[in-house]
Amino acid sequence: MSVLVIAEHDNAEVRTATLNAVTAAGEIDTDVDLLVAGSGCGGVADECSSIQGVTRILLVDDPAYEHDLPENLSPLVQGLAERYSHVLAPASTFGKSLLPRVAARLDVQQISDISDIESSDTFVRPIYAGNALATVQSTDSVKLITIRTTAFDAAPTEGGDAAIEKIEAVPCPALAEFLGQELTPSERPELTSAGIVISGGRGMQSGENFAMLERIADKLGAAVGASRAAVDAGYVPNDYQVGQTGKVVAPNLYIAVGISGAIQHLAGMKDSKVIVAINKDEEAPIFQIADYGWVADLFTAIPELEAALDADP
Amino acid sequence: MKVLVPVKRVIDANIKVRVKSDQSGVELNNVKMAMNPFCEIAVEEAIRLKEAGAAEEIVLVTAGIRQSQETLRSGLAMGADRGILIETDEALEPLAVAKLLKAVVEREEPGLVLLGKQAIDGDNNQTGQMLAGLLNWSIGSFVSKLETGDGSISVVREVDGGLEKVRLKSPAIVTVDLRLNEPRYASLPNIMKAKKKPIDMFTPEDLGVGVAPRVTVLKVVEPPARDAGVKVSSAAELVEKLRQEAKVI
Ligand SMILES: Cc1cc2nc3c(=O)[nH]c(=O)nc-3n(C[C@H](O)[C@H](O)[C@H](O)COP(=O)(O)OP(=O)(O)OC[C@H]3O[C@@H](n4cnc5c(N)ncnc54)[C@H](O)[C@@H]3O)c2cc1C
Ligand SMILES: Nc1ncnc2c1ncn2[C@@H]1O[C@H](COP(=O)(O)O)[C@@H](O)[C@H]1O
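Taken in sequence, the protein lines are chains L and Z. Numbering-wise (the working numbering), the first sequence opens with residue 1 and increments by one. Numbering-wise (the working numbering), the second sequence opens with residue 1001 and increments by one.
If we strip away everything but chain Z, and leave its shape as in the complex, we get:
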């Protein structure tokens, strides 16, 4: 089975993002970028499937600006086999990404597509579900456990009430949640090796996909700030304040 893993380049999760003063978006210049943490979990899972003999090849794909190649390289250094960059300067929405991924799926014919459940920049949580819809494939979203079987994939999903187990007909889409695994760090030799792994380049036009946005961002602002309050030094004082001042208990 071939596994396709779409990965996204985002602002590093440890960086405090800053809203631009002209309200056009958040500052991306000179900011540390990294692979979306959920995508790292997806790459790790693909590698584990390969190590367990359940997958033969791991193909990474990303859509974005030329620098997104770095994200592919870091996934290749973890252990993926090759990469695909769909290069565009357009700010991509999940629907556009899903259409691009559909075109790649039709070329590559993977048995499983593993995506992150959410990209931590736009917090959309849509792309995997949309890709499944476009392909009319089964989907396991928010997955914390995955087992491949004959013609099917069983997953445990993290849902609002607890856990849910579903069997998906292959080929399938899976979006991964935090507790599926803990991604490995790339070793130095693997980082060197990754430099020689192939990356194919396309544009959205090559794939025949229109990526013009459907949603206009009118403005991006900082949320109202919350001020630090007061310190209390005993339980009695805290309870008193909650009863008399805040009136919440």
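Okay, chain L solo, but in the shape it has when bound:
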């Protein structure tokens, strides 16, 4: 058995989600290869060679792979998959758009978003917005799996010594053309790997008011997230959304401000270690899962919290 992990990167740096997938791969087998496909991504391969638990880096450097187009990457991964018992990718928008396409072409039923590994063919995954956990066993000869990144620690980026092997690009049909991107600029930690997350909901009332949460975030070194209602209302960009259909986070501390606690939101944050809820409605369902609940108007509570964080412990 050996496992292939598809690295997620932006041709300059590897994304943390890749490190979580490497840890999951290591729970299946000790022989773990990492595919770095991109354009001008040699530096990423070098960076990845020191990740602990990786045996070999497969580097493919070709303009066709610059933008993660599944149409282009899928023939490459499909060709490699036959040499492995498992192919893993993070359950990020990258992994979710690529891996099912490969699975279909290999006639394999992919297993999505696993949160635990019981054996080389048996996995646990949340279903129904995390209201149930299914233990499933795959009968396919190659297993294609996406990894819930919050369920597996990030592999250490030091101490590994993987060999880098260059491989050839695989011809692909010109089906899609990348036109551009609008990435949300942020100096703060990445939402899905941050140790602390502070999220705002419809109760924030406007995008400007999110500045209050940003000030707290900067004091705590936290990432800022949001409920769907806050994103739909245009307060913050789409990539802030935490939940069943947004991002899944599990930080040490999650602070929910003006968020009611709909099941779809809980699906994305209820595995956080400590949960704080600030809401003026004491009946809000978020309080049922909060370790510390504060029934208060956020417009007075948040400035008070900011001041209290400044005060000497």
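Hints were generated in silico from the structure; no laboratory data involved. Everything hinted at is true.
Example chain Z residues on the side facing chain L (calculated, C-beta under 8 Å, incomplete):
1) ASP1123
2) ASN1124
3) ASN1125
4) ILE1139
5) SER1154
6) LYS1165
7) VAL1166
8) VAL1221
9) ALA1228
10) LEU1238
11) LYS1241
12) ALA1246
13) VAL1248
14) ILE1249
Heads up, simulated BS3-like pairs for lysine-lysine below, C-alpha to C-alpha not over 27 Å straight-line:
15) Z:LYS1231 to L:LYS219
16) Z:LYS1196 to Z:LYS1002
17) Z:LYS1241 to L:LYS219
Backbone N, C-alpha and C fix where the C-beta goes; we use that ideal spot for every residue, glycine too.
Assemble chain Z with the ligands onto chain L, guided by the hints.
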């Protein structure tokens, strides 16, 4: 252009699901069912394309038990033209659904297939991507904006870092995200009209597709419960608790 919209019948998003005590799955008996919310967004988008003159016909397709017809009817009431039911009692996995949809695509030859990005029961997020793979078509997944052009479709995708714009060669597959549109409610006259719209029936055998599952569900359990904690009444108290008790800041 013909638009094909695969829709799924799922437990209504507002219902709290219950795990069966024998751990075989979740309780589906006497539970309110509805069209998967993402599929509603796909149906709405197809109707808007038709209203804008970019689509001529909207065909809905669903695979599942006989009652899935109700899901087709609700999409027809929104404004789709006709439906296809692929009837089976088998619990369908995304790969099987994608194979069934491929067979329908080969018969119907649509210029665009609009799917939900995810069904909120299994949370698989696979079927559209798989269908694109089987057909070797282009795909725009997690789409929040869509424009049809000559021989191509431009989409804006919601990705982890923000937004991404891609041009897809037609025919194409698009899976829709929450912010593409807000689905309309069906009016009473349209609900009446929908009863007369045609629904074709097939079985997987008719389409020559095997749908036996590849993955065995060994058990389904409730996740560990989280207990409500304590209430605090001031910022100082909260910060104190986070520092001294929880030790997270
Ligand atoms: C298919 C589907 C997928 C979905 N996916 C997601 C998802 O991924 N993520 C997600 O978050 N949601 C998702 N939702 C939406 C979800 O069901 C809820 O509608 C949403 O989470 C509500 O957001 P909210 O809590 O911010 O807003 P509301 O439910 O409106 O709650 C606002 C809260 O703010 C409080 N409040 C208001 N003013 C103040 C104040 N001044 N001070 C303190 N508190 C105040 C109120 O008491 C209330 O509790 C999904 C829904 C569907 C159907
Ligand atoms: N049984 C089905 N019949 C028709 N369409 C389906 C079915 N299952 C899934 N789909 C489509 O595929 C999308 C994604 O589902 P999934 O891959 O299961 O998350 C749904 O929103 C539907 O558009």
